[in-house]
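S.K.: Spelled out from the first residue to the last, the chains are:
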Amino acid sequence: MVKWSAMAEGGQTTIEVDGALREELEAIVGASAVVSHRSELKVYECDGWTIEKSAPDLLVMPRTTAQVSAILKALYRRGLGFVPRGAGTGLSGGSLPLAPVMICTSRMNRIEAIDLANRRIEVQPGVVNLHVTDAVKGHGYLYAPDPSSQSACTIGGNIAENSGGPHTLKYGVTTNHVLGVELVLPDGEVVELGGPAEEKLGYDLAGAVVGSEGTVGIVTRAILRLMRAPQSYRTILALFDDVDAATRAVSRIIASGIVPGAIEMMDRLIMDAVEAAFQVGFPPGAGAALIVELDGLTAGLDAHCARAAELVNAGGATSVRMARDDAERQLLWKARKRAFGAVGRLASNYATQDGVVPRTRLPDILREITAIAARYRLRIGNVFHAGDGNIHPVILYEERDADETRRAIEAGREILKACVAMGGSLTGEHGIGLEKLHEMPLLFSPDDLRVMAELRSVFDPSNRSNPGKVLPQPGSCVEVAAPRRQVPL
Amino acid sequence: MSSDLHAELGKLLDSDRVRPPREYETAIARVVAEPANLSELGELILKCERDRVMIAPIGACRTILHLRSQPVDAAVSLVRMPPTISHEPDDMTVVAGAGITLAALATALGRHGQYLPVDPAFPERTTVGAMLAAAQGGPLRLSAGTARDFLIGVQFVGHGGRIVRGGGRVVKNVAGYDLMKVMIGSFGTLGIITEATFKVRPLPEVYVAVLSHHAEMLEGFEAGFRLHEALPLLHLELLSPGLRMPLARDGHYLLAAGVGGNRPDVDYQVDEIRKTLPGSVVLEGGDAQKFYRAVRDVELPETSVKMQISVLPRQLPACLKAHAAHFRAHVASGVAQAALNGDAQAVVRLRSAAVVARGNARVLAMDPALRGAAFFDEPAAGVLKLMRGLKTAFDPAGIFNPGCFVGGI
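Each protein sequence line maps, in turn, to chains A and B. Remember, our numbering sits 62 above the position in the first sequence when you count from 1. Remember, our numbering sits 11 above the position in the second sequence when you count from 1.
Next comes chain A alone, as it looks inside the complex (with noise of 0.2 angstroms):
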């Protein structure tokens, strides 16, 4: 027998994780599919952002709609709560247990539909974001969210958080492609909100439990937009003294009209990282490195590209350099994207932050982030999509200091701070989770938050999916100063 002390936050307090559910459980998905041991739920206890830890008592590995209600059912009887979780790469503490069940959708893995004629696709929630570009792209179609995790991150996930990714400055976010979900309730009903139509029916529910974070119950499948290839990529790499002009070329290339497929910058520190990781070329001496892609039909591309390359140079850049071939494009995007991991060679552990200001802000947000960083003695990277506004500060630190982490943990804050001070945002595409809770007053007065809470009651009247996420519950006032709870080994 397994005891847990809920939080406080749930609204549940010490609950017992009985023989008798396991058993329970056991019988809906098989034995194999329920995890007890300590040892083995240690993996769960937290996902990218590893600041915080907590594992689960029970782990439940479901494969069908059927069985994420029967389990929901069987949860709801007992009064008891649940977190989901997809690949558990999600970076804001999003699927962090705060109560006894994790339910991990990973198992429903399979594609369900293709229909490239109406260009959707059925999947279940724990397809890998990849795999669903992967089933179309030898017919010319893709999936366009692609966040860096894309090759772990799962679709259940992606939709929880509403994740973005580089190319989202042109395409959109997994709002803007997902038509419609299949959606287990906490008290296990299952409903079909919104549908492969474009137009809904009624009110938007779909919408709505996009970006939820796993607060409204359980999503076990849904229909995604596809959309067909561009007919050609340009994908421009430009290097600057420093990030402050790297910065201004952005403005300017947004200001022209131009509407890329991505741009991302990298800074000095990230740049040195990917560099021994991944050896991409980046001269010594840079200060800023900028990924510009263009896409579209090969016939305008080039008069495009030149345009970006003019503002660019005009905008500072030391060096202009055009992918040659498909093969430098994909290593310059492996660069990019692994650039988080790269960042592991540079210290023990680090946090990425994920703040948002109005475009024409990033110098004033890249400067205040190192004075912070100077402030708080800590080093500071950043790797972001710099077209949307959408920093990622990489903070470093080392776990076992714990004056640094709470310093890495204050710098985090005052860079949100700056981001809303900006006139920006808390998060761009990895969500409050757990992470961001305490800063939600920032951004919201008390009226928009009851309002959201009320929301989030329709589908979660007792509060059990993923309890103690997104809202802060009033008087709760937790300051996350050190791990919450560690685990015991």
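Mixed in with the good hints, there may be bad ones.
[As the list claims (entries may be wrong)] Straight-line alpha carbon distances no greater than 30 angstroms define the calculated DSS-like cross-link-like pairs of lysine-lysine that follow:
(1) Lys-135(A) - Lys-301(B)
(2) Lys-232(A) - Lys-301(B)
(3) Lys-286(B) - Lys-301(B)
(4) Lys-286(B) - Lys-199(A)
Simulated from the structure, these hints should not be mistaken for lab results.
Please build the complex by placing chain B on the supplied structure of chain A, with the hints as guidance.
M.R.: Okay, now just chain B, sitting in the frame of chain A:
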């Protein structure tokens, strides 16, 4: 009753901001209130909740005129609210008051070579609020999507007179629940939208319209689908014969494709279209613009019922062939506006066909004699329960445009 209400609301707002309905508004409301700012609107809502006064937002009255079979007590017009248009060209975002017309917004954005590519008919008579509340779109949905793809922030005044904001002013933002999606297409049933923030796009350097005539409807659709597979068109419509369209040919379906980009992009696409459709006509410059406006604003002939259907794109031809007398189809989006002859049964038949084609249909306008038929399909029971829950959560007093939305919400 209405004179009492007039006096009561007059105490709250200056009396010149409460007026009797104009002739075309009498079917919708007994009085019209025109609050001048958010706090007046909040006060008004509070009072209406207290006194159980049913209210509904009106823009130019075009949607609600058809939607409501019974008038509400008071219509709320935002015509006196501050005419906010705050455009940040370098950020490519704009904040607009809900009472602003799309034409006024387009003028402001156009000064900086930008536009909001959501294009319902008659922008000079369509407000931002109406576009959002009634989920209106137009031809550009093919390349740009709909309002839900451009609305990045929303403000509305709801229950208790509270001013609520969702989203923000940045183009990428996942903080908090997506209130924008909830408000789009809510038909005034959850609160009154007062302000919207959009991301916008640069106007295409060149726009060209290419049109072709087709004796058979299915041939027209097939030609359209072929173009859509080959080219990233801005828009693609098929219009049935007999609509008042320039360059229409008697008895023929008109396929209208919009092509945009820089000059080489456009020339390439026009060449490709000509290869596929040798007889096609190419319009440039002012002629192209004029033709695009005609496609956007085309009015279907007066019939007993007009509906909008939205289905899987490839299923659209069969639905229209079986049930529509006249139509404008957004070919590759699976959306069409159709005029039907016949009685309430005709509505039911198109609706069933839409459901079979995995979509839905809603009435846009209906002969008063047919007013028994519901304007919206009925969602599945579990879904309707959630929708009712949402309505109750946002509008516990039940005063916001009650009784005419899905499931009688």
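S.K.: All hints are to be evaluated individually against the structure, with a verdict given for each.
M.R.: Hint by hint, here is what the structure shows:
no.: 1; hint: Lys-135(A) - Lys-301(B); verdict: violated, 59 angstroms
no.: 2; hint: Lys-232(A) - Lys-301(B); verdict: holds, 28 angstroms
no.: 3; hint: Lys-286(B) - Lys-301(B); verdict: holds, 25 angstroms
no.: 4; hint: Lys-286(B) - Lys-199(A); verdict: holds, 26 angstroms
The structure fails hint 1 only (numbered hints given earlier).
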